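J.: Please put together the full structure from these sequences, using the hints given.
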Amino acid sequence: MRIAILNKDRCQPRRCSKECEKYCPRVRTGDETIVFEEDGKPVISEELCVGCGICINKCPFKAIMIIGLPEALKEPTHRYGVNGFALFGLPVPRAGKVTGILGPNGIGKSTSVQILSGTLIPNFGQEKGDWDTVLEHYAGTALYDYFKAVVDGKFRVSQKPQYVDLIPKAFKGKTSELLEKTDERGVLDELIDYLDLKSVVDRKISELSGGELQRVAIAACAAKDAQFYFFDEISPYLDIYQRINVARLIQNISKDRAVLVVEHDLAILDMLTDVIHIAYGEPAAFGVVTLPKSVRVGINQYLKGYLPEENIRIRPEAIKYEVHPPREDYQLRSMVTFNGFSKKFGNGFSLKATGGSLREGEVLGIVGPNGIGKSTFVKVLAGEIKPDEGDPGIDVKISYKPQYIKADIPMRVQDFLRGISKQFGTSYYEVEISNPLQLDKIYDSLLTDLSGGELQRVAIAACLTQEADLYILDEPSAHLDVEQRSMVTKVLNRFAENNQKTALVVDHDIYMIDMMSQRLVVFEGKPSVYGEAHGPFSMENGMNRFLKNLGITFRRDEETKRPRVNNLGSRLDREQKESGNYYYSAEI
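If you're matching positions, the sequence shown starts at 2 in my numbering and goes up one per residue.
The set of hints was computed from the structure by calculation and includes no laboratory data. Take the hints with a grain of salt, since some may be wrong.
[Said to hold, decoys possible] In silico lysine-lysine, DSS-like type, Cα no more than 27 Å apart, as pairs:
no., residue 1, residue 2
1, Lys-225, Lys-205
2, Lys-9, Lys-129
3, Lys-129, Lys-175
4, Lys-199, Lys-527
[Said to hold, decoys possible] Distance ranges between label pairs, derived from CB positions:
no., residue 1, residue 2, range
5, Asp-409, Lys-256, 42 to 52 Å
6, Thr-427, Gly-154, 55 to 65 Å
7, Gly-82, Thr-449, 50 to 60 Å
8, Arg-249, Pro-26, 57 to 67 Å
9, Ser-207, Lys-42, 30 to 40 Å
10, Lys-407, Asn-568, 55 to 65 Å
11, Arg-249, Ser-529, 17 to 27 Å
12, Lys-256, Glu-361, 46 to 56 Å
13, Gly-82, Glu-361, 15 to 25 Å
14, Lys-42, Thr-449, 20 to 30 Å
15, Gln-13, Thr-427, 45 to 55 Å
None of these values were measured; they are calculated from a predicted model. Built from N, CA and C at the ideal position, the CB exists for glycine as well.
T.: Put into structure tokens, the structure is as follows:
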């Protein structure tokens with residue numbers, strides 16, 4: 002089976018010579034393989050297309066994709082019109098279970114949820130869908146009973162949106178007003194205590210930080226009385242403490258209800274879910290949702306890039322993890338030494354940091370809970386905030402990517418990046434930054450039209466292409482999928498090593514920190530009251546100290562060597578805590 006995809010946002014027939022039609026060999030022989038609609042945009046006949054790929058290469062805006070699909074994919078579950086995105090398969094939510102979906106962005110996860118919630122009727126590739134056809138199609142399967150309940154109005158859905166930073170645009174007023182509207186189960190007070198929201202309930206939604214908005218959105222979703230709960234990315238802006246807390250809350254909800262979770266933090270997904278579905282395909286073109294798999298097997302297959310049951314390779318290379326943390330005893334020249342300092346704020350919060358050294362060619366991870374001074378620490382190093390006591394003494398040039406990114410100017414991505422760096426367009430820039438971060442696909446898009454993940458990648462590129470000695474990135478993993486996070490770690494490591502630069506990275510994704518960091522700075526203290534920065538430590542010492550504060554232990558998966566959270570109170574958890582080896586078991 003072959004499908005033709007036209008990205009209508011990229012297609013600009015007024016600015017081209019209709020190269021797709023002009024060079025198509027089938028059109029030249031008289032076939033109507035490509036015709037143009039009233040809006041001037043082409044329609045590609047999938048039946049007549051021979052898959053030569055000429056139109057793909059000739060299109061100046063890269064708006065066309067011709068994709069050969071596996072023979073097993075005969076009929077899409079849903080398709081967005083002619084030459085539109087096609088989804089094959091659906092996840093199967095089950096009461097009493099947390100079902101996870103693991104896959105890249107733009108692969109149809111949100112479409113799946115729209116279908117399961119009843120807001121979108123699957124059309125099976127036809128012009129219009131209807132529920133009678135849906136019930137007939139799924140007769141005799143687990144999804145029949147599910148859709149029958151949806152059709153009969155016996156199934157209510159509660160959904161947490163992916164981009165919580167858009168909530169202030171949709172709701173004006175106090176946090177308490179928003180939460181009270183959603184409290185259908187009478188559990189609001191418990192949720193406020195559990196998610197530590199007492200300090201924000203009397204504040205306006207517009208005044209909340211990203212982490213506070215995320216917890217409010219989770220509380221609002223959990224407070225509704227529904228049979229099916231969907232949580233779309235619970236980890237952005239939350240620290241590891243809060244992520245684990247939310248994971249346990251969701252597990253509690255699932256005791257008698259169906260829960261579906263989309264998450265890119267593999268440590269949390271591994272800990273939270275009972276089964277997972279792998280979603281693969283070509284972003285913005287087609288997506289395939291597999292049958293359910295056990296959590297460990299599914300994640301390992303996804304990381305390896307090969308699905309044995311489906312007999313398909315979804316990625317040319319496996320995502321690999323180091324067996325041991327990077328060694329501390331290799332010699333790297335110290336780039337700069339910073340002095341200890343302290344900073345106090347009017348709200349009572351205080352930060353104290355010990356001095357340390359930063360080495361050339363290394364990526365230094367920064368870990369700790371939210372509200373403990375990590376962003377303040379890097380802003381002091383960057384010279385954006387002046388300390389009250391002490392002086393870091395850093396006189397090198399710094400490039401800084403903030404935690405919260407906003408795009409208010411309707412400027413094209415390539416114009417924005419070209420204005421930041423002279424390297425834009427060079428072979429080095431394309432090979433080392435643009436291609437790995439997949440920026441070429443969004444060069445003609447406006448900054449204001451980008452998704453959270455696209456904006457994040459642009460911000461990372463903008464930070465790395467500035468002339469500096471020290472590069473500071475605050476939470477670069479937010480809104481990125483697993484593949485993009487893996488690629489960002491490679492880009493950062495290569496950039497630091499090849500250019501003899503130093504990168505400081507603040508992040509809460511343990512997998513990402515584990516993959517890219519050579520050393521760690523660990524923050525301790527009491528959030529919103531005081532924070533202390535310790536280190537830099539070696540990875541082993543730093544992670545042991547950090548995980549001990551967290552009260553959890555990690556082991557290495559025998560197959561992929563990825564970190565896995567031990568079940569609290571399990572034999573391995575107790576043994577590692579007794580030995581003081583929280584990072585991974587000693588035998589590996």
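J.: Run every hint past the structure and note whether it holds.
T.: Here is what the structure says about each hint:
no.: 1; hint: Lys-225 x Lys-205; verdict: holds (21 Å)
no.: 2; hint: Lys-9 x Lys-129; verdict: holds (20 Å)
no.: 3; hint: Lys-129 x Lys-175; verdict: violated (41 Å)
no.: 4; hint: Lys-199 x Lys-527; verdict: holds (16 Å)
no.: 5; hint: Asp-409 x Lys-256: 42 to 52 Å; verdict: holds (44 Å)
no.: 6; hint: Thr-427 x Gly-154: 55 to 65 Å; verdict: holds (59 Å)
no.: 7; hint: Gly-82 x Thr-449: 50 to 60 Å; verdict: violated (26 Å)
no.: 8; hint: Arg-249 x Pro-26: 57 to 67 Å; verdict: holds (59 Å)
no.: 9; hint: Ser-207 x Lys-42: 30 to 40 Å; verdict: holds (39 Å)
no.: 10; hint: Lys-407 x Asn-568: 55 to 65 Å; verdict: violated (40 Å)
no.: 11; hint: Arg-249 x Ser-529: 17 to 27 Å; verdict: holds (22 Å)
no.: 12; hint: Lys-256 x Glu-361: 46 to 56 Å; verdict: holds (52 Å)
no.: 13; hint: Gly-82 x Glu-361: 15 to 25 Å; verdict: violated (53 Å)
no.: 14; hint: Lys-42 x Thr-449: 20 to 30 Å; verdict: holds (23 Å)
no.: 15; hint: Gln-13 x Thr-427: 45 to 55 Å; verdict: violated (26 Å)
Of the numbered hints given earlier, the model fails hints 3, 7, 10, 13 and 15; all others are met.
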